[in-house]
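K.L.:
Chains as they are written, first to last, in the numbering used here: chain A, 33 to 341; chain B, 512 to 832; chain C, 5 to 668.
It is worth saying that the hints were derived from the structure and are not from the lab. Computed from a prediction, not measured in an experiment: that's the story for all the values here. Even for Gly, the Cβ is constructed at its ideal location relative to N, Cα and C. Treat each hint with caution, since some may be false.
To be verified - Chain B side only, calculated, beta carbon under 10 angstroms to chain A, not exhaustive:
(1) LEU544
(2) PHE670
(3) ILE675
(4) VAL676
(5) LEU677
(6) GLN684
(7) THR760
(8) ILE762
(9) ILE786
(10) ALA808
(11) LEU812
(12) ILE815
Stated by the list, open to error - DSSO-like cross-link-like pairs, simulated, lysine-lysine; straight-line CA separation at most 30 angstroms:
(13) B/LYS734 with C/LYS527
(14) B/LYS521 with C/LYS10
(15) C/LYS522 with B/LYS734
(16) C/LYS72 with B/LYS521
(17) C/LYS10 with B/LYS728
(18) C/LYS72 with A/LYS251
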Amino acid sequence: MARYVGQRLLQMIPVFFGATLLIYALVFAMPGDPIQAMGGERGLPIAMANRIRAEYHLDQPFFVQYWYYIKGVFTLDLGMSFQRRPVFDIIAQVYPTTAKLAVYALAIEGILGVAVGLISGIRRGGIFDTSFLAVSLVVISIPTFVIGFVLQYFIGLKAGILPATATGGASWRALTLPAITLGSVSFAYVLRLTRTSVIETQTADFVRTAMAKGVTRRKVVTGHILRNSLIPVVTFLGGDLGALMGGAIVTEGVFHVNGIGHTLYRAITRGEPTTVVSIVTVLVIVIMIANLLVDLLYAALDPRIRYAK
Amino acid sequence: MPSDTTFADKPSLDQSHFCADPEKTKLGAIDELRTEGPISSFWSDAWRALRRRPLFWISVFLIAALTMIALFPGIFTSESPTHCELGRSMDPSTSGHPLGFNRQGCDIWARVIYGARTSMTVGILSALFTALIGATVGQLAGYFGGWLDGILGRIVDIFYAVPIVLASVVVMQVFRDRATALSVVLVISLFAWTPVARVARGAAIEAKASDFVTASKALGLGKYAILLRHILPNSIAPIIVTATTSLGTFIVLEATLSFLGVGLPPSVLSWGHEIANAQVTVKTHISVLLYPAGALALTVLAFILLGDAVRDALDPKSATR
Amino acid sequence: MSPAKKDPLLEVRDLWVTFETSAGPLEAVRGANLCVYPGQTVAIVGESGSGKSTLAHSVIGLLPGTGKVTSGEIIFEGEDIAHASRKKMVEVRGARIGMVPQDPMSNLDPVWRIGRQVREALEANGIDPSRSTYQHLAEELAVHVADTEDGRLYLSTKGRAALLAEVASQGIDIEKLEEKLIPGFTTRMEATAFLRQAGVTDAENLAETHVTGGNAKDRVTGLLAEAGLPDAARRARQFPHEFSGGMRQRTLIAMGLAARPALLIADEPTSALDVTVQRQILDHLGNLTKGLDTATLLITHDLGLAAERAEHLVVMYRGEVVESGPSLTILKGPRHPYTQRLVAAAPSLSSRRMRANRITTVVENTHDGEQAPSSASSAVVGVSERKAGGGTGGRPKDLLVIDHLTKEFTIRGRTPGRKAATFKAVDDVSFTVPHGTTVALVGESGSGKSTVANIVLRLLEPTAGRVMFDGGDVAHLRGKDLFNFRHRVQPVFQDPYGSLDPMYSIYRTIEEPLRTHKIGTKKEREAKVRELLDHVALPASTMRRFPNELSGGQRQRVAVARALALDPEVVVCDEAVSALDVLVQAQILELLATLQADLGLTYLFITHDLAVVRKVSDWVCVMQTGKLVEQAATEEVFANPKTEYTQALLDAIPGGSLELALSG
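Construct all of the structure, not just a fragment, from the sequences and the given hints.
P.N.:
Below you can see the structure in the form of C-alpha cells.
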C-alpha cells in the first residue's frame with residue numbers, strides 16, 4: 033500500500049509541472065497588454081507601466097517568469113492582483129464557498145446517482161429503470177446553465193421553495209439549487225455508469241457462486257454486486273472533479289455565488305493573467321490531490337490494486 | 512454387448528444401462544459447418560443490430576433534419592435572423608413568426624434555425640479531430656509501449672488534470688473577437704482528446720496480445736503493417752463509440768463558451784448566445800430562453816441517442832438494455 | 005451399496021429447459037431424465053453445448069439469463085424444486101445442494117477476503133460453527149472414542165495453543181500434534197484420539213478442558229484445511245488474486261461443502277487446472293464427499309475422468325440424455341452411436357500413435373529423398389540416440405536443433421535501484437526435431453514449453469544457447485533471411501477464438517501470408533486459398549465467412565490453412581487442440597496426421613496433455629519449471645517413465661487407471 037501511494041505521489045510530480053507549464057504558457061500567450069489595459073482608456077504612464085512590469089517579472093523571458101511563478105506557488109506567495117490585493121487572500125476568501133458547493137454537488141451526484149443506478153440495474157427494464165434512463169438522457173442533453181435557469185425560475189422564483197440566488201451568503205440552503213445544477217449532469221452519468229456496471233456484475237460468476245452458497249438476493253446485492261460495481265464509478269467521480277470546477281464557473285455565475293469560479297471568470301474577462309494563473313494552479317493542485325484521494329479510495333475498494341506490484 | 516436391444520423411453524430408477532433410440536436421437540456430423548444465411552462480418556453484424564433499434568432511427572432522423580437545417584437554413588425560414596427591429600421587442604408569436612421576438616426584436620424562430628449550423632459544425636468537427644488525435648496517440652502508446660507509452664501517458668495525465676472548461680475559457684482569450692467555429696473546434700480538440708486516447712491505447716494493448724497478431728508476426732508482417740492492418744481495425748469500434756458519445760458534450764461546451772462570452776463573437780449565431788441574451792428577461796419571458804435551449808437539448812439528445820445505439824451495436828458486451 | 009433399496013436423493017424427470025434468444029426459443033435441455041442416490045457420484049458427460057451445465061444449473065435453480073424450466077420435474081429429497089418459491093430455493097442452496105463451479109478465476113469475489121467468503125456460506129445457512137455434525141474420521145483412527153454430542157465440538161485457535169502448551173509440559177514432542185490439531189476442524193473426539201496416540205496421559209480430560217468449540221473464524225480455517233489448503237489460517241486473510249488456480253478451487257470446494265449439503269454439483273471443477281493439480285483436487289474432493297457421504301453430480305466433458313470418478317454415467321448430446329448406466333458397462337459396451345464415438349475418440353483411452361492411411365508409403369518416399377549423405381554432415385550438436393520417426397529407413401535429417409537453450413526474463417525490481425531479479429523460463433534445454441516427425445514438448449503451465457516455441461518461431465530471442473534450423477542459427481537471421489525463415493516455420497496457436505483476426509474474412513486470413521510474401525497474382529492466390537481450404541477439409545464457400553461464424557474446430561482448421569499457405573517445413577503447434585471438444589480434437593489431430601503424410605511436415609507439438617501426445621508424436625520431451633527432465637521415444641516414455649515427474653503426469657491422465665479394467 034505504501035509503495036502504491038509513493039508511486040502515485042511520484043507520478044504527480046511531472047503532471048504538476050506539466051499542467052502548470054501548460055496553463056502558464058496558455059495564459060501568457062494571450063494577446064493584448066494587460067498592464068496597459070489597467071490604465072483604462074488613457075493608458076498608464078510609461079514609467080509606471082515599466083515599474084509594474086518589473087514587479088510582475090513581465091519583462092523577463094518566459095521561463096524565468098515561470099520560475100518565479102513556481103517559486104511563488106511553493107512559498108504560498110501567489111503575487112498581487114492588479115487591484116493590489118494578494119491573490120492568495122482572494123483565493124482564501126472565496127475558496128470555502130466553492131469547496132462547500134463542490135462537496136454538496138458531489139454528494140448529490142454520488143449518493144443519488146449510485147442509489148438510482150443500483151435500483152435501475154437490478155430492476156432492469158422496469159418502469160423505474162426506464163423513467164430514470166429517460167431522465168438521465170434529458171439531463172445530459174441540457175447544458176448546465178439552462179438547467180440552472182430553469183431551476184432558478186421554477187423552484188426559486190415561481191415556487192419560492194429555495195433561494196434563487198446565493199447573494200445573501202453561502203448557506204447550505206442557499207447552495208442547494210446551485211449544487212443540484214452543478215451535480216445534475218454528473219448525476220446522470222453516475223446513474224448510467226452504475227447501472228451498466230451493476231448489470232455487468234450481476235452476471236459475474238462469483239455472484240452466481242454466492243447465490244449457490246444460499247445467500248439471499250438482498251445480501252448478494254449489497255455485499256457483492258454493489259461494491260464491485262462501485263469500482264468504475266469511483267474512477268469516474270475522480271475525473272469528474274475537474275468537470276465540477278469547470279461547471280462552477282457557469283453555476284456560480286447563474287446563481288451569483290461568490291466563489292472561485294466566479295472570481296476566475298472575472299479575472300479572465302478583465303485580462304488579469306497573474307490572478308488567472310494562480311487560481312487555475314490552485315484548482316489543478318486541488319484536482320490532483322482529489323485524484324490521489326480517489327486512487328486511494330479505489331485501492332481500498334479493490335484489493336487487486338492495493339497489493340499490485 | 513446385447514444385440515437384442517430394445518429402447519426404453521427413459522432410464523429406469525434402478526440406474527441400469529439405458530440407451531436412447533438412435534433413430535430418435537440422430538447424430539449430426541462432427542463440427543458441422545453452417546454456411547447458409549447472410550455473411551456476418553463484424554460490421555454487418557453491428558449494422559444488423561443497429562437497424563433493429565428504434566432509438567437509432569429516431570436519432571438518425573433528427574440528425575438528418577438538423578443537418579438539413581444547418582446546411583440550408585433558408586428552406587426553413589424566410590426571415591433573416593439578423594433583421595431585428597427594436598419595435599417588435601418581446602412581441603408574442605404572429606403568423607410567419609411562430610416563436611415571436613426577442614429583446615432586440617429579432618425573429619426567434621429564424622435565430623434558432625440559423626444557430627444550428629454552429630452547433631453541428633463544432634460538434635461533428637470536434638468529434639472528428641479528437642478521434643484523430645486520440646486514436647493516433649493512444650494507438651502508438653499502446654502498441655509500442657515502453658518509454659513512448661510512459662511519455663504519452665504523462666501527457667494524457669497532464670491534460671486530464673486541467674479541466675476542459677477552465678482550459679478552453681483561458682485559451683479562447685487568444686482568439687477574442689476573431690473567434691470562429693473552427694477556433695472553438697481547435698480549442699476543444701486540443702483538450703478533449705484524452706478519453707479517446709485512453710480507449711485507443713487499451714484497445715491496442717488488447718489487440719497486441721492476441722494470437723492473430725503473433726501469427727502475423729510469425730509470417731513476417733512488419734511492425735507498422737501489423738499496426739495498420741490488425742491493431743487499428745480492431746480498435747476502430749471503441750474509438751468510434753467514444754467519439755460519438757462525446758459529440759453531444761462538445762456541442763454543450765461550445766454553447767457554454769458562447770454563453771460565457773468567451774466563445775464565438777456575437778456576430779456569429781450560436782444558441783449559447785441566444786440563451787445568454789435571454790438571461791436578462793428570464794424572469795418575465797422564460798420562453799425566449801427555452802426555445803434556443805430546447806433546440807440545443809434536442810440536438811445533443813439526438814447525438815447521445817446515436818452514441819448509445821452505436822455503442823450497443825459495436826460492443827455487445829456493454830449492451831445496456 | 006444397493007441403490008434400489010433407498011429412495012433417490014435427486015430425480016430429474018423429463019426436464020425441458022428453454023432459453024429465449026433473439027433468434028427464438030432455444031431448447032438447451034430436452035426431456036432429460038436422471039437420478040442420483042444418496043452418497044453416489046453420478047457424472048454427466050457431454051461436449052460443449054450438450055446442455056450438461058444447463059441441466060446442473062437448473063437443479064440448483066440458477067439458470068442464467070432467460071433460461072427457464074418449461075416442463076418436467078426436479079425432485080430433490082422428495083420435493084419438486086423445479087417450481088419451488090424463491091425462498092425455498094434459498095433454503096435449499098448451500099444447505100442441501102452445494103456447488104463447486106467451473107472457473108476458479110472468476111468464481112471468487114475479487115474484493116472480499118477468502119475467509120469472509122467461506123464464512124458467508126456458513127452464515128447464510130445458519131451453521132453452528134462450534135461443532136461438527138458429522139463424525140467420520142474417528143472410525144479411521146481405529147482408536148475407540150465414544151461418539152457424544154460434546155465430542156463433536158471443534159478445537160479453537162486458543163484451545164489449540166493451550167492444549168499444545170500442556171502437552172509440551174509433559175515433555176512430549178508436539179511437532180506431530182501441531183500438524184494434526186487444526187482449529188475448526190479437529191473435534192474433541194479426534195483430539196482425544198490424537199493425544200492418546202502421542203502418548204499423552206490424561207488425554208480425555210485435557211481434550212475436555214481445551215476442546216470447547218470453535219468460533220466462525222476457526223471453522224473457516226478448518227474448512228479450508230479440510231479442502232486441502234495448507235496454512236489455512238493465514239490464507240483465510242488473503243484475497244483471491246493472491247491465490248493460484250488450484251488454491252482457489254480448493255476454496256470453492258470448502259465453500260461448496262461448508263454447510264454439509266446432501267448433494268454437491270461439481271461443474272467441470274478442475275478443467276482450468278494443470279493435470280497434476282487436477283488429479284490432487286479430484287482425489288481430495290472424492291475422499292471428502294465419500295467421508296461426508298455427500299452425493300456428487302459431476303459435470304465433465306472428459307469421458308475418462310467421468311468413468312474414473314463416478315459410478316454412474318449420463319451421456320448427453322444436444323440436450324438429450326442418449327445413454328446412461330454404470331460407468332464400466334458404458335465404457336465397455338457403449339450402445340448409442342454418440343457414446344461409441346466418444347469412447348473411440350477419448351484420447352486418454354486410446355493408446356496408439358495415430359497415422360493416416362497413406363502414411364507409410366509417403367514417409368518412406370520422403371526418407372529416401374532425405375537420405376542424401378549431406379544430411380549426416382549437417383551441423384548437429386548434442387543429438388541423443390533415437391529411432392526414426394515413422395519410416396523404416398535410417399535416421400532422417402534433424403531439421404531443428406535446440407541446443408542448450410536458455411531464456412531469462414527480468415522481473416522488475418521491487419524497489420527501484422535494487423538489481424532486477426531474473427527468472428529462468430527456459431533452462432539449458434536441448435533436443436532435436438528430425439525431418440518429417442512429430443516431437444512433443446510436454447509440460448504444465450510455467451514449464452517454459454511455450455517460451456521454447458516462441459524462440460523457435462523467433463518471436464523471442466534466447467538468452468543463451470541457440471536454435472538451429474536447417475543448419476543455420478535462427479537468432480542470427482536478419483532481413484531477407486528472416487523473411488525466408490518465416491516462410492518455412494509456421495505456428496498454430498491454442499485459442500481458436502484469438503488466433504484469427506475477427507475483422508478478416510477467412511479468405512483474407514489465409515491470403516495474408518501469400519500477400520505478405522508477394523506470392524502469385526490475385527487469381528493464383530485465390531486458387532491457392534481454395535486448395536488450402538480443401539486440405540483442411542473446409543468447403544470453398546467458407547472463404548467469404550468471418551471467424552465468428554465458425555466453431556472452434558473450424559477456426560483451428562483455418563489457422564492450420566493459414567500456417568500451410570507458405571508451404572512451410574515445420575509447423576509449431578502451441579496447444580493447438582487443447583481448447584477443443586474431444587471429437588473435434590480427434591478430427592483435427594487426424595487432419596494434422598494426414599497433412600504430415602501428404603506434405604512431409606515436421607511438427608513441434610507443444611501441449612500439456614500427455615494423452616494427446618501419445619496419439620500424435622514420435623518423440624517426447626518433458627519439461628518442468630524450465631528444465632527438460634526427460635526425453636525419449638513416445639512408447640518408451642509411456643512404458644517406462646524415468647522421472648517421478650513424468651510418472652506423475654502419466655498418473656494424472658484422467659481415465660488412465662481404467663485401461664486395465666477395460667482390457668480385462
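K.L.:
To test your reading of the hints: which numbers does this structure violate?
P.N.:
Those not satisfied are hints 1, 17.
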